[in-house]
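Trainee: Chains as they are written, first to last, in our numbering: chain H, 1 to 505; chain A, 1001 to 1326.
These are computed hints drawn from the structure, not numbers from a lab.
Keep in mind that the hints are not guaranteed to be accurate.
The calculated lysine-lysine pairs, modelled on BS3-like cross-linking and capped at a C-alpha distance of 30 Å, are [said to hold, decoys possible]:
#	chain 1	residue 1	chain 2	residue 2
1	A	Lys-1161	H	Lys-138
2	H	Lys-243	H	Lys-491
3	H	Lys-138	A	Lys-1275
From the structure, some residues in chain H lie toward chain A, with a derived Cβ separation under 7 Å [said to hold, decoys possible]:
#	residue
4	Ala-128
5	Thr-191
6	Ile-198
7	Leu-220
8	His-226
9	Leu-319
10	Ile-321
11	Val-325
12	Met-335
13	Pro-341
14	Leu-383
15	Asn-387
16	Ala-395
We put the beta carbon where it would ideally sit given N, CA and C, even for glycine.
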Amino acid sequence: MDLLFSGFSDILNPQTLLIMGLAIAGGIVVGTLPGLSSVMAISLMLPIAYAFGPVTGLAMLGAIYTAALYGGANSAILLNTPGTPSSLPTAFDGFPLTRQGKANRALYAALFASVLGGLFGTVVLIVAFEPLANLSLKFGPPEFFWLSCLGLCAVAAISEGQVLRGLLSACLGLLIALIGQDPVSGDVRFTFGIYPLISGVEVIPALLGLFSLSQAMKILEAKGSHIAPYQSEPNLMGTLMVKFRSAWSVLLRSSIVGSIIGILPGAGGAIASIIAYNEARRTSKEPGKFGKGAVEGIIASESANNSQVSSSLVPMMGLGIPGNVNAAVIMGALMSFGIQPGMGLLTNSSDIAYAFMASLVVSNFLLLGIGYYMVKLTARVLLIPSNYLGPAVIALCIVGAYAATYDIYGVWVMFGTGLLGYVMLRVGIPIGPLALGLVLGPIAEKGLAQSLQMAESESSLLSFILSRPISVALILLCAVALFAALYVEKKTRQAEGRKEEIASE
Amino acid sequence: MFTPAKLIRLFVTLGVFALLILLIKPFTGDGNLIDSYPAKPIKFIVPFKPGGGSDRIARVLDKFTEAEFGSAFVFVYKPGGGGHLGLRFLANSKPDGYLLATYNTPDLVLGHMTGIANYNVDDLSILGQVAFDPNVFSTSLDSPFNSMKEFLDEARKQPGKLRLGISQPKGGNHLATLAMLEEQKIDVSVVIFSGGTEMASAVLGKQVDAGIGGLAPFLGSMEQTKFLAVSGANRMSKIPNVPTMTEQGIPMNSGTGRVFLAPAGLETFQVERLKQGLENIFNNEAFQEELRKIGNAPAWMSGDEVTAYLKDFEVKAQQVLEKTGL
């Protein structure tokens, strides 16, 4: 405890706070702009972090990571363009709210959920990163396979009323995800002789195309002069306060989901926010509202998304095994300062470790303050006439796709998927499931292929899976998620049927 | 739908953006003069995701580049195809002396033999090698095995029952391990991972009975890891008590050489300057110390020596590839 307090006292000085504040503001901008990722921002700032020394440098990197992951919500809500896979579910409810003229409500909900989720994840990190790091090792390839299956179960939820079309879209996504190198044999498949496809259809350019480009084209062809009406709601904070109070269980559950999945190396934020979103819908009293502008959906997605920021650092700090690319870059920075993350961290460099963890707490409070003022600026995007906004979004898509791959090939991927997304929008096939398939497909495939290799040493595949309790639990969760989705579908259909009956009478 | 007026407006606005980008693109001098080279920052391709082993080594090197070359590198990450996507970009780039990359041996030639790479190795020029990291066999601390010999003896008794993790498909250690298993006539269930860190967590979590990969991913969990053997010519300074495979009576020698590359066709003075600069940095004791700290084994080889090593490797690997069908 003393160490944590001295950590705070290392962080709470004007210079460090100023640098962190700038990092937060910059991180929000990077996260908001489609195509620019937290990884890009963190690796760009590495040389500057070195110049500041370990405490301030690491605090700065942590602040960028926190803010960039939150920033993804802004573009998801305002333009229906999730800049990162992890803010995918935020768009499902955020953009409908924007269309209803309630953009402010969605933006503030995302901010508060991000901060609360972020604080939750940070507390988890501080309290128990050593034991949790060891717990994360219990997840092997079979568990990752079932975890991504659980994520894919959300397809049923987000394509409500058109499950068949949703499945079609998801299968298309899984099919596209097969392009590239086989994860375990290393063989090259389905590249049609286009060499850069060896690394698969890159997720960020593909998301830019699917969501941003197709959306920009829709913005341009729409009749209205603006994407959506923008008005300030009276007593918005009061409304949100009530919302958050009644949705506290969603917030808590999503933060727990985000923290747990964040800890697992390689799982990533995308699965966390999708599963949290699906859980929130499953346990909601009015699941029919999800996808049409439910604030609970945003709360679930964003709190899970930001609670995994800190928890993704757990295996890195506890075992020296980075769980995602962000954690890997931060680990690289730690090592450059001569600190070896892992089991000896608290004995050898406890001062810096605690200062870093304290800085993550401070980052979340700074995010609250700075984000609060930046929401007002961000929301002004809606005041830009569509004629200018559409082309600007297209230009950002091109820049983002190029930056994500450092190659013109990324731009072609973006245009290709953009066309696909536009056609799908026109014929009424939901894009969300395709994106889910694309993001989760590779994780599922690798988990399955490695599981099959592992099962070779057992008598049968079935006995191999049944011998792993976490796998069995995840299979049961998948079953619950599927049946719940079917049940909800049936219930809403009945409710609609009743409404129609009343109307016809 | 799109009205003509809207389309015109769209193209005009896009045109304005294109113009703006052209305007802010910095004017670059050619700087191809013997005395002034390098006259501007060198772009440096890491053909992997940020934060990996190659990135860390390059970042260590970069601490010394400003003093040697006048400015630090500009890092560019181009992952994909086990690194060959980034290398292909380098091989096909204009050789102006301002684009370099890092990569590994023996994967540099292996990628071509397994059909993953798609460029001409002769379009690359090797500047030098700064480290050679032997592969290590590892397992979790409470594993019943204390050496690779024990592991292999047990595997011989129960064919196919033990799981052996390999850190990367179609890489140097994959090939060397298959060759060793073939030679020893041992049958284990091989599980392939996508990188050293992923395999390290599988080894620590007992998903596999043993694994082969680099040492660096285990640096944060040394207290929880048991090392069974070093697959190199000599023991490693970080784990001095762990015997080599050869010491245990099993001939096997594999590892990862960390090399730096430029596209072929640079001016002679540029290649000389880069090679000399790299060697100067290597000879700085502080650089070697930093490499050791992040778990690498500093070992200098000139570009020609690396080329000779790879030629030799290629001949041997061809036989193994035919035998194992990798």
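Trainee: State for each hint whether it applies.
Mentor: Status of each hint after checking the structure:
1. A:Lys-1161 / H:Lys-138: holds, 20 Å
2. H:Lys-243 / H:Lys-491: Measuring from Cα to Cα gives roughly 24 Å; hence the hint holds.
3. H:Lys-138 / A:Lys-1275: Since the Cα atoms of Lys-138 (chain H) and Lys-1275 (chain A) sit roughly 46 Å apart, the hinted pair is violated (cutoff 30 Å).
4. Ala-128: Interface hint status for Ala-128 (chain H): violated (17 Å vs cutoff 7 Å).
5. Thr-191: With Cβ-Cβ at 10 Å, over 7 Å, it is violated.
6. Ile-198: holds, 4 Å
7. Leu-220: holds, 6 Å
8. His-226: Because about 14 Å separates His-226 (chain H) from the closest Cβ in chain A, which is outside the 7 Å limit, the hint is violated.
9. Leu-319: holds, 5 Å
10. Ile-321: Because about 5 Å separates Ile-321 (chain H) from the closest Cβ in chain A, which is inside the 7 Å limit, the hint holds.
11. Val-325: holds, 5 Å
12. Met-335: holds, 5 Å
13. Pro-341: Because about 5 Å separates Pro-341 (chain H) from the closest Cβ in chain A, which is inside the 7 Å limit, the hint holds.
14. Leu-383: violated, 17 Å
15. Asn-387: holds, 5 Å
16. Ala-395: holds, 4 Å
This entry does not satisfy hints 3, 4, 5, 8, 14, going by the numbered hints stated previously.
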